[in-house]
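Single-letter residue listing:
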Amino acid sequence: MKNNNMFAVIGLGRFGQAVAEKLAEMNVDVMAIDKNEQRVEEVANTVSHSVQLNATNESSLKEVGIEDIGTAIVAVGEDIASSILICSYLKNDAHIPRVIAKAIDTRHGAVLSKLSVDTVIYPEKESGRRLAERLVSKNIFDLIDLSDTHSIVELRAPELFVDRTIADLDLRKKYNVNVIAIKRKTPIIDSESLADFKEETVISPRADETIIKGDIVVIIGQRKNLEIIKNL
Amino acid sequence: MEEKKESILETAKFYFLNQKYDKAIEIYREGLESYPDEPQLYFNLGVVYESINDLENAKECFEKVLSLDKDFKAASDHLKEIIGN
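Sequences listed follow chains A and B, in order.
For the first sequence, the positions run 1 to 232 when my numbering is used.
For the second sequence, the positions run 1 to 85 when my numbering is used.
Incorrect hints may appear among the rest.
Here are the in silico distance ranges between beta carbons for each label pair [as the list claims (entries may be wrong)]: (1) 79(A) <-> 36(B): 16 to 26 angstroms; (2) 71(B) <-> 79(A): 49 to 59 angstroms; (3) 56(B) <-> 127(A): 47 to 57 angstroms; (4) 180(A) <-> 20(B): 53 to 63 angstroms; (5) 56(B) <-> 180(A): 25 to 35 angstroms; (6) 30(B) <-> 132(A): 17 to 27 angstroms; (7) 198(A) <-> 20(B): 13 to 23 angstroms; (8) 93(A) <-> 60(B): 17 to 27 angstroms; (9) 20(B) <-> 168(A): 15 to 25 angstroms; (10) 83(B) <-> 147(A): 25 to 35 angstroms.
In short, the hints are calculated from the structure, not lab data.
For clarity, every value in this text was computed on a predicted model and none was experimentally measured.
Backbone N, C-alpha and C define an ideal beta-carbon position, used for all residues, glycine too.
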């Protein structure tokens, strides 16, 4: 029987390892798989199951119960042939409900899409884009693409926002975007008169929440509209 | 002399705690004209900049603190945090 809460991460290079560790940190049941013994050992104490096997061997995957997995993340991007074989088996034979695969380029991604892989990701392309955004704009702290048209962006609140409430800014009406969180540093002074701050996040801020100088606003919306906000 | 420094710290503290960051920056900057070698003023100024996510100025302040007092642990902690970002 499929266990939708169980994840498999196949390929434990830097990307796969980071995904497996982060999922485990969030108390998700993770089966981490790689053919390299050392890589498997590195995550053995972090994830719930770690298995050394060659994932292109279908019977080995079957033996460890891959068919019961709800979500599989295929992170063997560098070896395109293996990536394709594994995805094909997971999607078309093992019938894993959700398969997410890393692609190294658009041609690799196109093949994965043809195999009915649910989501194809390009981590290097995405991190490159994020880095470029951050380098060019000091105000951008993070950027997550949700689809071809929509993103979530974390940016330093433009001067125009400061000392105004969410209702007053009326971003939804004016730009069709929503503020989903505010990250704020609240000032404190210790007993030796040294300044410090504590960081807090206001999730789903109310309409009467006032933006303070230095706030980082987390905004979701269409990329073209977020571009306008970034340039305010 | 010490009294004046205390007064600068107290005034800037008031503005900082009330999130009037521009005013706090102004007070610390003025204070540094009288006490250019005072690590605590640079440190607090750095924290104000960090609070408003002006990380370039914050970094400059923490580096200045460490050039004046290499054992100022809080400054090296903040600097590490900024460089890590």
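Inset, instruction - Could you check the structure against the hints above and give me the numbers of any it violates, in ascending order? - result: 1, 3, 4, 6 and 8
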